[in-house]
Amino acid sequence: AQSVTQPDIHITVSEGASLELRCNYSYGATPYLFWYVQSPGQGLQLLLKYFSGDTLVQGIKGFEAEFKRSQSSFNLRKPSVHWSDAAEYFCAVDLNTGNQFYFGTGTSLTVIP
Amino acid sequence: EPEVTQTPSHQVTQMGQEVILRCVPISNHLYFYWYRQILGQKVEFLVSFYNNEISEKSEIFDDQFSVERPDGSNFTLKIRSTKLEDSAMYFCASTAGLNTEAFFGQGTRLTVV
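If you read the protein sequences in the order shown, they are chains U and S. Each residue of the first sequence is one higher than the one before, counting from 1 in the numbering used here. Each residue of the second sequence is one higher than the one before, counting from 1001 in the numbering used here.
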C-alpha cells in the first residue's frame, strides 16, 4: 500500500538553528512530492513541490527539499529557523492518479528563543 | 493572489442533523477536492470532483456524504446525518489541472454534539 511516513512527530529547535524534517514514501514509481505548512487555526500552505528535474527544490520562506530516489525520501530543510516557522508540517505525495494526495501524519515544530 | 474560501469557519451541529459545508474554489480551476483532518490526526482525502461528477472517493466518503457544484462558483459538501465521529476540520482544495499545485482553503471546523 502507498504510504507517507514522517518519523518525527514533534521537533524542537532553537531560533537560528538549522532544521531538517524527514519524509519517506512507499510507492513503486516516483510520485509528485509536496511539503505543506499549517499554522495554528489556518489552512494548508504549499511550501514547495517536486515533479521532476533538479532534485533539490527551493520553496517559500527559505525552505528547500531534496528528493533522493534511492532512499525514497523528500526531506525538508532550512538553514536558520525563525520563531514564525513554528507550525505543523505535512509531507504529501500525489500518485499521479488524479490529485489524490496522501499526507503524512505531520511534524509539529516548536521554535525556542 | 487568488484563494480558496470556505464558509463557515466553524459549525456546531447536533448529531443526526444535516450540514452543508461551502467552498468557493479558485475561479479558473477545474478539479475540486474535500479533505478532512480529525483533531490530532493526519489530513485524509475524501473526494475529488471534475466535470460535474465525482472522479474518485475514499472509503470514508460513504452514502452519508455528497458533493455538488450547484453553480459556477460554489462547491459544497453535505453530510446527511452527522455522527460524533464526523467532528473534524474539513478542507476544500482546487487545482487548475492534474498533478499541479493544490490550493487549500482555511478549513471549516465541524463540531458534532
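These aren't lab readings, by the way, just hints derived from the structure by calculation. Please read all numbers here as calculations on a predicted model, not as lab measurements. Some hints here could point you the wrong way.
Think about it this way: if two alpha-carbon atoms lie no more than 25 Å apart in a straight line, the pair counts; the simulated DMTMM-like pairs of lysine to aspartate or glutamate are [stated by the list, open to error]:
| id | chain 1 | residue 1 | chain 2 | residue 2 |
| --- | --- | --- | --- | --- |
| 1 | U | LYS68 | S | GLU1101 |
| 2 | U | LYS49 | S | GLU1003 |
| 3 | U | LYS49 | S | ASP1071 |
| 4 | U | LYS61 | U | GLU15 |
Quick list of the computed label-pair ranges, beta carbon to beta carbon [said to hold, decoys possible]:
| id | chain 1 | residue 1 | chain 2 | residue 2 | range |
| --- | --- | --- | --- | --- | --- |
| 5 | S | VAL1024 | U | PHE51 | 23 to 31 Å |
| 6 | U | SER70 | S | THR1005 | 39 to 47 Å |
| 7 | U | SER70 | S | GLU1018 | 47 to 55 Å |
For glycine and all other residues, C-beta sits at the position ideal for the given N, C-alpha and C.
Do the hints match the structure? See the list:
1. LYS68(U) - GLU1101(S): 21 Å, holds
2. LYS49(U) - GLU1003(S): 18 Å, holds
3. LYS49(U) - ASP1071(S): 31 Å, violated
4. LYS61(U) - GLU15(U): 15 Å, holds
5. VAL1024(S) - PHE51(U): 23 to 31 Å: Cβ of VAL1024(S) to Cβ of PHE51(U): about 27 Å, so the range 23 to 31 Å holds.
6. SER70(U) - THR1005(S): 39 to 47 Å: Between SER70(U) and THR1005(S), where Cβ atoms are some 42 Å apart, the hint holds.
7. SER70(U) - GLU1018(S): 47 to 55 Å: Holds: the Cβ-Cβ distance is about 50 Å, inside 47 to 55 Å.
In summary, the one numbered hint that this structure violates is 3.
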